[in-house]
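Trainee: Can you make the complete structure from the sequences, with help from the hints?
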Amino acid sequence: MDLTIEEIERLYGVEYEGIVGPYGLPIWYDGIRKKKLSELREDDIARLIRQDLYVDYAIEEGLKRVKDDPAGGYKVDGEILLALAKMKKKYWLEYPALRRKAFEVILFIRVNYSVIRDDDSLMEIDKIDIYESLFEIEKNINMK
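Throughout the sequence shown, residue numbering follows this note's numbering, covering 320 to 463 in sequence.
Hints are supplied without guarantee of correctness; some may be wrong.
[Unchecked claim] With a straight-line Cα cutoff of 25 Å, these simulated SDA-like cross-link-like pairs (lysine to any residue) come out: (1) Lys409 - Asn431; (2) Lys420 - Gly391; (3) Lys355 - Ile327; (4) Lys394 - Pro415; (5) Lys386 - Asp349; (6) Lys386 - Val339; (7) Lys383 - Lys394; (8) Lys394 - Asp438; (9) Lys405 - Ile435.
If you are wondering where the hints come from, they were derived from the structure by calculation, not from laboratory data.
Mentor: As structure tokens, this is what we get:
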């Protein structure tokens, strides 16, 4: 289900008050409200995850993108994967379906890891970060 952030707000019962002060987070949030999840950039999805905003929707969209391109990112390679690796464990417990999906995505990436290993556009440190993020997610979902 490809919803806008505004539609997700309504599902959560959130009443948006507009930009409150000249701060980065409210300005960014106001800029993404009318966009569908599929229209957001990788850094937007990663930021939703890091800010604990609509994590069930953000994780689901993030996992789709990571499966298609584990190294994908707007600001840095593997941006969504890095955000998923730093997620609080409680979210994996709250959303068992996403936990299973994350496990499936990790397995898929590991089976197809040569795509990352052989990607000449990635620096070795980025490849290591991606692999370590996969390990961290797997550890957090505790499904070995």
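Trainee: Confirm or reject each hint.
Mentor: Quick rundown of the hints versus the structure:
Between the alpha carbons of Lys409 and Asn431 the distance comes to roughly 28 Å, so the proposed pair goes past 25 Å and is violated. Restraint check for Lys420 and Gly391: satisfied, since their Cα atoms lie roughly 18 Å apart, inside the 25 Å limit. Distance hint between Lys355 and Ile327 is fulfilled; the C-alpha atoms sit about 10 Å from each other, no more than 25 Å. A C-alpha spacing of about 30 Å is found between Lys394 and Pro415, which places the hinted pair above 25 Å, so the restraint is violated.
Proposed proximity of Lys386 and Asp349 is contradicted: the alpha carbons are some 28 Å apart, above 25 Å. Taking the CA atoms of Lys386 and Val339, the gap is about 36 Å. The hint is violated against a cut of 25 Å. Proximity of Lys383 to Lys394 is assessed by CA-CA distance (about 18 Å); at most 25 Å being required, the pair is judged to hold. For the hint pairing Lys394 with Asp438, the CA-to-CA distance comes to about 18 Å; that is within 25 Å, so the pair holds.
At roughly 21 Å between alpha-carbon atoms, Lys405 and Ile435 fall within 25 Å of each other, so this suggested pair holds.
Hint compliance for this structure: hints 1, 4, 5, 6 are broken, all remaining hints hold.
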